[in-house]
Amino acid sequence: MGQRRKTGDGARLPAISRRAVIGATAVPFAGPVRGLPAPGAVDIPAQCAAWVAVDMEITRLCNRWSELEVQAAKQFDYFNLTDAEISALPMGPEMDAVDAECRRLGDVCEEALEPLGKLTPRTIEDATAMLAIAYRLLRLQEDTPWPFVNKAWAFLSKAHCPGCGAAYAAETLPV
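Counting along the sequence shown from 1, when you hit position 20 you're at 20 in full-length UniProt numbering, and nothing is skipped either side.
Source of the hints: derived by calculation from the structure; they are not laboratory data. Since no wrong hints were added, every one of them can be taken at face value.
What follows is a set of in silico ranges between Cβ atoms, one per label pair, in the way DEER data are often shown: (1) V54 with K158: 22 to 30 Å; (2) K118 with F155: 20 to 28 Å; (3) D107 with F79: 22 to 30 Å; (4) P162 with P115: 27 to 35 Å; (5) V108 with D43: 16 to 24 Å; (6) F79 with V54: 28 to 36 Å; (7) E114 with N80: 34 to 42 Å.
Glycine included, each C-beta is placed from N, C-alpha and C at the ideal position.
Assemble the whole structure, with the sequences as input and the hints as a guide.
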């Protein structure tokens, strides 16, 4: 027959042996708390995607500045003007604003590179995310590492895990 449980003030939890308590405290916390990353875990793909997004914004702003410069060169004697005269042109204020934002974002990228470079990838997704940064940094160079990085990125950006089918490169890394 089943054991009766006491209710009310006389209810007690079952006795736990000292061995069970010591054994439970010796086991490290193995996984994340529901919905939270494991303690000390770093989301490398998310951090790399944020860096790539800032770098892509710099590229977009540089292209806009280039368009404004071409427009200024067509309409004015742009290359013989002083900085003050360029700022006085109709497109001058926008060029100054774009230049200031590019410099600010460039500083953000530079500051983020050192901590990102200290991270150690633990998964193929982490390594792919870090390779995306290398791709962005080296894309304008034609020296020795570029062909290797280019080919590795070309492969990994299209590859999927044979077991689960997940993409190795996150979609948030559109380099």
